[in-house]
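J.: So the chains spell out like this:
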Amino acid sequence: MIRWVLAAVLTLGVWHVAGSAQAQNGPLRIEITDGVQEPLPYAVPDFVPETPAAGQMAQEIARVVADDLNGTGLFREIGKDAFISQITSFSSPVQFADWKAINAQALITGAVAVNGGNVTVKFRVWDVFAGQELGQGLQFAGTTDGWRRMAHKVADAVYSRITGEGAYFDSRVVFVSESGPKDDRKKRLAIMDYDGANVQYLTDSRSIVLNPRFSPTGDRVLYTSFESGFPRIHVLDVANVGRRVLQSEEGTMSFGSRFSPDGQKVVFSLESGGNTDLHVMDIASGNKTRLTSAPSIETSPSFAPDGSRIVFESDRSGSRQLYVMPSGGGEAQRISFGPGNYGTPVWSPRGDLIAFTKQHKGRFHIGVMRTDGSGERLLTASFLEEGPTWSPNGRVIMFTRETQGAQGQASLYMVDITGRSLKKVRTPGGASDPSWSPLQR
Amino acid sequence: MTYLAKPLLIVAALALGACTDAGRFGKDDPAAAGGAGSGMVPGSASDPASPVYFQQTIGDRVLFEVDQHTLSAEAKQTLDGQASWLNTNNDYSAVIEGHADEQGTREYNLSLGARRANAVREYLMSRGLPSSRLKTVSYGKERPIEVCSEESCYRQNRRAVTVLRAGLSS
Chain A
1 MIRWVLAAVL TLGVWHVAGS AQAQNGPLRI EITDGVQEPL PYAVPDFVPE TPAAGQMAQE
61 IARVVADDLN GTGLFREIGK DAFISQITSF SSPVQFADWK AINAQALITG AVAVNGGNVT
121 VKFRVWDVFA GQELGQGLQF AGTTDGWRRM AHKVADAVYS RITGEGAYFD SRVVFVSESG
181 PKDDRKKRLA IMDYDGANVQ YLTDSRSIVL NPRFSPTGDR VLYTSFESGF PRIHVLDVAN
241 VGRRVLQSEE GTMSFGSRFS PDGQKVVFSL ESGGNTDLHV MDIASGNKTR LTSAPSIETS
301 PSFAPDGSRI VFESDRSGSR QLYVMPSGGG EAQRISFGPG NYGTPVWSPR GDLIAFTKQH
361 KGRFHIGVMR TDGSGERLLT ASFLEEGPTW SPNGRVIMFT RETQGAQGQA SLYMVDITGR
421 SLKKVRTPGG ASDPSWSPLQ R
Chain B
1 MTYLAKPLLI VAALALGACT DAGRFGKDDP AAAGGAGSGM VPGSASDPAS PVYFQQTIGD
61 RVLFEVDQHT LSAEAKQTLD GQASWLNTNN DYSAVIEGHA DEQGTREYNL SLGARRANAV
121 REYLMSRGLP SSRLKTVSYG KERPIEVCSE ESCYRQNRRA VTVLRAGLSS
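For the record, the sequence lines run as chains A and B.
According to UniProt numbering, the first sequence is numbered sequentially starting from 1.
According to UniProt numbering, the second sequence is numbered sequentially starting from 1.
Excised from the complex, chain A in its bound form (with noise of 0.2 Å):
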């Protein structure tokens, strides 16, 4: 649907500007820790329309990425109403002056054309302080429909240049679309932009359906449907919306999938005369091998993102705990110790953090630990949340949060993993089950 063309932009050597010193802070940077630290104050003008057609969009580019960036609460966006000067033309110099006046660390420019059908759109990065360029100024092109993207690969290539992590933004989310009474609720996929916009439906409502899992590349998505009458593992191609039954025994129930790293297995929860264990499946083979044998309850399983240990939750112990065991099954590890049950163990794509979901007391909470189970954190609390998902990036969490009595529905959130920034993901009608997605090419 959209190519992106990435290419640096010429430019006219606007950063050797006269007269403003060295950089009094150091390099313009944040450093994502668990300590409390301030927002880092930035500016993002209008970007310019260079074309008659691209006033709107230009306006509506720059409110995507300052969105974006303020959602991560690393960033506090400086309104325009302190603006001392305005960006007219994305070649003139920047009057750091007038931007080191308002506090602002970092100034985002931007210009965008619109061709017919077609957009394109540029943008440059500032450390005001330093009174330099931040990077290369990038262009990005594709079709107008896709404006958003583009304002979220913008945003992207700021937060990683200020960070020095990886990004998240033009990322999308699959989840499950929840309407109707609670005695009566209506499920069905939906997939939409990582902030809420632009949501699709996937399936219709006529039977339930659970847990879409993103594929490693997010070409598919894995869940559970109860079409059949049973809960059964489907896969659907995000492309063509084509589906297909994975696992189908007569007699027993599948659901719980997840994929593999590499794509091409599906680890899963079976259940078969009342007990519940895991297996993995070769997609293409259909083989299956049986990971655990125990008359607990097994599920929930996820791969560590080098494929080599999954890590799932069990009743064995008496209490809901989470247990880490080699990818091939084998002895398993107990990591969580803590009071309480825990569920739902979904690996980080940067292999250092487990999130999971933890019921104590009466409240549900989303929490991360370290992968041997040191180092419990609780991000969240409420009356019912569980079945968290990871940002691309690693940082951010979202997850479902139902609330409480007749009147009760689900919603999605998102938490950094310092457990700030928690805010609501705007969707229309319930939502829950999220399952994010990596970062788009």
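Derived by calculation from the structure, the hints in this document are not laboratory data.
Warning: the hint list may mix true and false statements.
[Claimed, not checked] Restraint ranges, calculated between C-beta atoms of paired labels, are given here:
| id | chain 1 | residue 1 | chain 2 | residue 2 | range |
| --- | --- | --- | --- | --- | --- |
| 1 | A | G229 | B | Q68 | 37 to 43 Å |
| 2 | B | Q68 | A | A381 | 25 to 31 Å |
| 3 | B | Q55 | A | R441 | 45 to 51 Å |
| 4 | B | E122 | A | G318 | 18 to 24 Å |
For every residue, glycine included, the Cβ atom is placed at its ideal position computed from N, Cα and C.
Add chain B to chain A, keeping to what the hints say.
T.: Chain B only, in chain A's frame:
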């Protein structure tokens, strides 16, 4: 197959049995106590061969404690009634639906509901029902019948429901 015509043929035979069984599994329902003796309406809760009788007079569901799948004495009594009804009405098979309350994760609750459905299935098999007539499915916490977030509702939602299907092949 339809289940409207066939039961009429069995009514006479079952009515005799129901007299002795009524005290065992119909004691909570005054309509049932009167039903076997007095003006029984075919297909109604007082007709011992009707699915409605199975659902309402015997009771089509059993309840469970938090996180548990063991059958209480009361549950076993209900299931004894279900078993004798199913043993008599051979045209029916059943799907046992296991459910959980909302206090748990979606995936674990699917497994828990399956344990509950299977506990019922095994009990019914121990009372002589062939496994071929009993399927199980779990809905986890997806299909609550009570919507409040209190124990009074949770208690009703932690259930296994025996849903009749006419015809063995369905």
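J.: Now tell me, hint by hint, if it's right for this structure.
T.: Right, here's what the structure says about each hint:
For A:G229 and B:Q68, the hinted distance range of 37 to 43 Å is not satisfied, since their beta carbons lie about 26 Å from each other. Separation of B:Q68 from A:A381 is about 26 Å and conforms to the stated range, judged on CB atoms against 25 to 31 Å. Between B:Q55 and A:R441 the Cβ separation comes to about 55 Å, which falls outside the hinted range of 45 to 51 Å. Between B:E122 and A:G318, the C-beta spacing of about 22 Å keeps the proposed range 18 to 24 Å intact.
Consistency note: the structure conflicts with the earlier hints numbered 1, 3.
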